[in-house]
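Participant: Knowing the structure of chain W, use the given hints to seat chain D on it.
Heads up: the sequence lines are chains W and D, in that order. Numbering (this note's numbering) for the first sequence: 1 to 109. Numbering (this note's numbering) for the second sequence: 110 to 220.
The reader is advised that the hints may include incorrect statements.
[Said to hold, decoys possible] Listed next, with one range per pair, are the computed distances between beta-carbon atoms:
id, chain 1, residue 1, chain 2, residue 2, range
1, D, 180, W, 93, 22 to 30 Å
2, W, 8, D, 137, 29 to 37 Å
3, W, 68, D, 168, 24 to 32 Å
4, D, 114, W, 30, 25 to 33 Å
[To be verified] Some residues of chain D that are not near chain W, with every Cβ distance over 10 Å (derived):
id, residue
5, 127
6, 155
7, 169
8, 171
9, 182
10, 186
Because the hints were derived from the structure by calculation, they are not lab data. Think of the CB as a built atom: it goes at the ideal place given N, C-alpha and C, for glycine as much as any other residue.
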Amino acid sequence: GEDVEQSLFLSVREGDSSVINCTYTDSSSTYLYWYKQEPGAGLQLLTYIFSNMDMKQDQRLTVLLNKKDKHLSLRIADTQTGDSAIYFCARNYGQNFVFGPGTRLSVLP
Amino acid sequence: SQTIHQWPATLVQPVGSPLSLECTVEGTSNPNLYWYRQAAGRGLQLLFYSVGIGQISSEVPQNLSASRPQDRQFILSSKKLLLSDSGFYLCAWSVGEYGYTFGSGTRLTVV
Chain W
1 GEDVEQSLFL SVREGDSSVI NCTYTDSSST YLYWYKQEPG AGLQLLTYIF SNMDMKQDQR
61 LTVLLNKKDK HLSLRIADTQ TGDSAIYFCA RNYGQNFVFG PGTRLSVLP
Chain D
110 SQTIHQWPAT LVQPVGSPLS LECTVEGTSN PNLYWYRQAA GRGLQLLFYS VGIGQISSEV
170 PQNLSASRPQ DRQFILSSKK LLLSDSGFYL CAWSVGEYGY TFGSGTRLTV V
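The following block holds chain W by itself, in its conformation from the complex:
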């Protein structure tokens, strides 16, 4: 399988919470990241978590890291239509980065 895996699609209703999941196989990374890509645009770094942390919260975003299970998640509270985008999980290896395939989040009114 691929190094970093994500489900490809997620649909939620506006106002609900979204949880985007990511699993990885190589646990040597120092940091794990979440990026957001809006249609036709480049990627924007949303947040990152240091590998010795379990959780990081930043306003509506909560990142959870389970190192034992090699599982990373991004929770978006009170999801809005502007959150519709592709979300990429990534990990670093040295100076380079490995990205997952991206999860397309669709927010339904």
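Facilitator: Relative to the frame of chain W, chain D by itself:
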């Protein structure tokens, strides 16, 4: 502040024609520079990265090449484009492990 410029935003080129995409970075010195390709409905594929002037590492064998003639300039080229070269090309830079900053991307369509 640091910024990254990538152009053109869109490009339509015939099969067999050459390609040159340019990326420049401002507000930082000696960044690591990267070229990624995002094919339709797929994730990001690292094509090239550079840790300094004239230093290019290729991740995937293909008919593309990259050059770094100046510290903050990264160029993606091809002598003859293939249909399979169509995609969304992203330039990025990083300093250390604190994530990338991406350019706005170039959508290349080879016809």
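Participant: Give a verdict on every hint.
Facilitator: Here's how the hints hold up against the structure:
1. For residue 180 of chain D and residue 93 of chain W, the Cβ-Cβ distance of about 24 Å falls inside the hinted range of 22 to 30 Å, so the restraint holds.
2. Under the hint 29 to 37 Å, the C-beta atoms of residue 8 of chain W and residue 137 of chain D, about 34 Å apart, fit the expected range.
3. Restraint check, residue 68 of chain W to residue 168 of chain D: a C-beta distance of roughly 30 Å satisfies the suggested window 24 to 32 Å.
4. The given range of 25 to 33 Å is respected by residue 114 of chain D and residue 30 of chain W, whose C-beta atoms sit roughly 29 Å from each other.
5. At the 10 Å boundary, the C-beta of residue 127 of chain D stays outside the reach of chain W, the nearest C-beta of that chain being 24 Å off.
6. The beta carbon of residue 155 of chain D is not kept farther than 10 Å from every beta carbon of chain W, the shortest such distance being approximately 7 Å.
7. Against chain W, the non-interface label of residue 169 of chain D holds: every CB pair exceeds 10 Å, the least being about 13 Å.
8. Annotated as non-interface, residue 171 of chain D keeps its C-beta farther than 10 Å from every C-beta of chain W; the closest such distance is 18 Å.
9. Annotated as non-interface, residue 182 of chain D keeps its C-beta farther than 10 Å from every C-beta of chain W; the closest such distance is 18 Å.
10. At roughly 20 Å, the least C-beta separation between residue 186 of chain D and chain W is larger than 10 Å, which holds for a residue marked as non-interface.
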